[in-house]
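Participant: Chain by chain, the residues:
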Amino acid sequence: MMNTPSDLLRQPPKFDAMQRHTGPKIPQAPAEPRLAINDIQGNIFPGFNKPTTYFTAFRIDSVAGAKAWLAEVVPFISTAEEVLAFRRLYSARRKRLGGSKPPDLVDTNTNIGFSQEGLRKLAGTSADEFQDEAFRLGLPERAAHMGDSTSPRDWVIGGPGNIPDILLITGGDDEDILRARVAALTEEAEKRGVVKTWEEVGLVRRDLPGHEHFGFDDGVSQPGPRGTLSDIPDDYFTPRYIDSSQGVESLLYGLPGQDLVWPGEFVFGYPSQGPDPLVAGPVKNTGPAWAANGSYLTFNRLRQDVKAFWTFMTKTAAELAAKPGFEEMTADKLAAHLVGRWKSGAPVARTPNTDDSHLGNDQYANNHFFYGSDTKKAALHGMPGYSNGDPYPDAKSDPLGLTCPLAAHIRKVNTRDVSNDQGGTHATYAIRLLRRGMPFGLPLKDPFGHDPEHGNRGLMWVSYQTSIVNQFEFLRANWMGDSKPPRMPGGDDMIVGLNGRPGEERERTCTIFGSGLQTAAPSTKQQWIFQTGGGYFFSPSITAIREVLAAG
Amino acid sequence: MTASNSRYDPPANMTDFASIPGQLEAWSDAMSGWVDEMIGQVKQQLPPGAECQFYNLVTNPQPGPFLDQEVIWAGFPKMLRVLYGTEGAFELADNKLYPLTQANDPSRPGFYTGAIWNTLFYRPLDEYCEWRVEKNDAGKIVKVTFTSEPPEYWQALHGDELADVNGVPKYPTIGDPKKVLDLYRELVSPEVTLDDLRCPFDFVDETDPAAPVVVYKKDCYNPYNKWNSTHGIMHLGQPNNSLSAEVGLGALATVIFHGAANDVIVLGEALICAGRLGGPNRTSDPTIASTVNDLARLGAAITLRNPVGLYMDSIDLTGFHDPSGQQVPREFFKVVRGSEQGGLIERAVFEVPKSEGYVVGDITVAGVPIRYGGQIAEHIKVKLVGVGSSIGKYHNASVPAIGQCCVDPSQPLFMRRPSDNAVPCDPTMYHAFAWGGNPQGSIPLPQDHLRAATMKMLATAPRRPRMARYRRR
Ligand code: HEM
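Order-wise, the sequence lines are chains A and B. Using the working numbering, the letters of the first sequence correspond one by one to residues 1 to 552. Using the working numbering, the letters of the second sequence correspond one by one to residues 1 to 473.
Warning: the hint list may mix true and false statements.
[To be verified] Partner residues are not named here, just some residues of chain A that face chain B (Cβ under 8 Å, in silico):
#, residue
1, Ala-29
2, Val-248
3, Val-279
4, Pro-282
5, Ser-397
6, Leu-400
7, Val-418
[What the hints assert, rightly or not] Only pairs whose alpha carbons sit at most 25 Å apart, straight line, appear in this in silico DSS-like list of lysine-lysine:
#, chain 1, residue 1, chain 2, residue 2
8, B, Lys-393, A, Lys-396
9, B, Lys-456, A, Lys-376
10, A, Lys-25, B, Lys-393
11, A, Lys-525, A, Lys-323
12, B, Lys-456, A, Lys-284
13, A, Lys-307, A, Lys-445
I should point out that these hints are in silico values taken from the structure, not numbers from a laboratory. We put the beta carbon where it would ideally sit given N, CA and C, even for glycine.
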């Protein structure tokens, strides 16, 4: 796809292949730690982001064999540095090509995670030094607390007796090369008593790249880890775009609206979030020393019932449209208000009544909105097209959820600048995760038409964080899975929340407001998301794999 | 959504006052009095020409339409977690009682001075939800009793004079001590006597030796009596957990503050610090204050919904499993006072019926056996309800911050109690939110403030141990 001239004008002048200046020089900026990007696995950050990804599970039958295999595999494990370098090269090449994708620039990335049991086999008792209760107990034991009603025994992977020791994630641009890589890694493993127990492929939607199966753009809002890559003071891992003339905003955000978070929330061994988001907090110490530069990986195979989803939206929108204040309700609008974004990714907070695909596709604008105050234009650094901010209508203060409902998925999992049931806004920085999911199964083009796949589609939902209990599980159980928090007048996360509360028959409902402050409460007992597999893993540093896990 | 109210009703519309002639009016007068006192305080803080956005529902009703703003927060004290970690916090929350001479917040002095206060105790549970755990001989939890009832309700039921917002007795009530006794005997222990519940002599605070203050008079109800502390639980006892404090926070949070660079303060913790409004490390105060302040900045008229009270809204029992792995029913959380309908719960008991053949300590939450009451409390939402109307009516200017919070690197997650911002933080500490607490604000900081603050924090970070010791298995 070619960009229009005005799009090109807005392209950042940085990120040429070897550019190391990724932010305006701001003398007030806090000191940030240097990230060991050559030791951190690259799917943690910046993330592979490949069109095709294999998820391969293994059981270790021979510990000595596994160690030998790991020693061989280590050089194939992509580091954060390699993935970042490729991304920058790719962007630079793409820019020179006037915006079209460089077809011949391809890479293949592999990352590895180990379950508690897998680590025990390879690292002995030091595996027990991981303090996270969820990691120790495993997903099957924890799933019901997050509202899951399925029996883990039925999961395709990760149920009792079927918990892999190793999860390999391999993504690539070229399918033949990718397949060959996965086949080679697997063959070598099996030769050494590391047995493949399951494999499935995740596919970026070819019809709507970046969108999940309900049809919405996914992966729009991600926190940006703080940290530098070298001694150059503005050589940040997460690029900073906001001009220093904007004041605090230039210190708090990478892309406009992208919260900068201290890296200890995602990778062990770094300062985490303290009470003041602009000052480093403590280095958390909740694992063995070799956990440094590693991260917990949560993996969830979530089946999505696309037909049920759109049947509900269509029927409920029609009912609502008959009510005063909701006359303009449509299925797309209702779904957008329950997600918090339109299909294109455009935030409801900025465009309450219709989708705006330009806004949705514009990363310099699609995350720029506050809930507690009116959003002001933010000038971007060195980007002529944005020297007065972006061109779209700005979000208005909406603490009550009159515009974007408080039960919308994106407001259930990130309260941004407004407070929540955990106190003020600490959670905005500390209860975050890096999402690396991708769809599986083929899209259902017509949600009401024939489904050759028999409903087998959904998300391979992956996240990285340093506490499964306080980040991933907290979001799912305490916010998405409860009807009141984080903030009222809210309700259930209709889109992906699961109501396991006794006596409520799994009903999900929430409050939405009409044009004249009327309220409505759409509700359903039907579930659209089903856990069909998953597990908790740890993605260690390259050093830990080489010196601890592979060491004999 | 209430339009007009002829009086302030007792919390959760509880009925104990109904049969006492004149008591409902007396309660309403006290509530109304606290509201008016706080409006007076707000007016002193507002800039010239500004109008108070907080109003008295009874004497000064405002036009609708009204929007209820429920404010909810987690029942387990965040400050304990911040200071002692999850396990340490659970342990302390269940088992530790503090004398009133000692504060549960290590950055503030004790609540009162004098020998008597050393013998009176409270729980370090400061999120307006307190609990007491009972165990069997095997050391397993069999019962956890939760309360969100304010102490003022019990003083009124006893017929005492209720204090004004500064602690000076002011509002007479009629009361019926027998009702107090009957309820204690029914809900806490049949052994309770009226003498147990009353002050045997004046309880005097000697914090200022030159001007001792009688806090509780002889023969008045003693909120820290043993049946509400060491031997049982009836109502909130942590000294910050009072209804007048709730009214105070709700009212004062309508004042709009700005930091050094005139940017309006919006983030919850920063607001607590800047306005010296309460506990910055709590789940409750920052969200109460900033939710109210969000409405105030929208120019709304604001008050607390009648009946004004502190409530447990609900509990989420998802994933609480019995020993056979089945979900436990919600009836195990039994509402004893207040009402489950509408989430106005004042007292509740978590217990397994005898017929089930197991006890609370046999229940698991997400696979973890219940060993602490806090594991249940963290699934309780506590709440108060505000009401907003006439958005856009007010255009009050902001006033300069009066407070600040300092952070000591040795307690890296803990914001010390808000202090006077005319006195800088100790040089070993840093001043949190010195940049103002507005994400769209300017940068009023000295150039090296943030850098220096981070350096102070990093200086305390533990050194990374070497990996070699793990290689030998
Ligand atoms: C099949 C299941 C799910 C679907 C279809 C889904 C879909 C979406 C969509 C469409 C968005 C908005 C686009 C974006 O900001 O990336 C989003 C955002 C998000 N989702 Fe989900 N999601 C799912 C499961 C989950 C789960 C299980 C969690 C957490 C435990 C989660 C956490 C988040 C977070 C943190 C955001 C970003 C919110 C923000 O910062 O604005 N999602 N999701």
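Participant: For each hint, tell me whether it holds in the structure or not.
Facilitator: Each hint, compared with the structure:
no., hint, verdict
1, Ala-29, "holds, 7 Å"
2, Val-248, "holds, 5 Å"
3, Val-279, "holds, 4 Å"
4, Pro-282, "holds, 4 Å"
5, Ser-397, "holds, 6 Å"
6, Leu-400, "holds, 6 Å"
7, Val-418, "holds, 6 Å"
8, Lys-393(B) x Lys-396(A), "holds, 17 Å"
9, Lys-456(B) x Lys-376(A), "violated, 33 Å"
10, Lys-25(A) x Lys-393(B), "violated, 42 Å"
11, Lys-525(A) x Lys-323(A), "holds, 22 Å"
12, Lys-456(B) x Lys-284(A), "holds, 16 Å"
13, Lys-307(A) x Lys-445(A), "holds, 10 Å"
When held up to the earlier numbered hints, the structure conflicts with 9 and 10 and fits the remainder.
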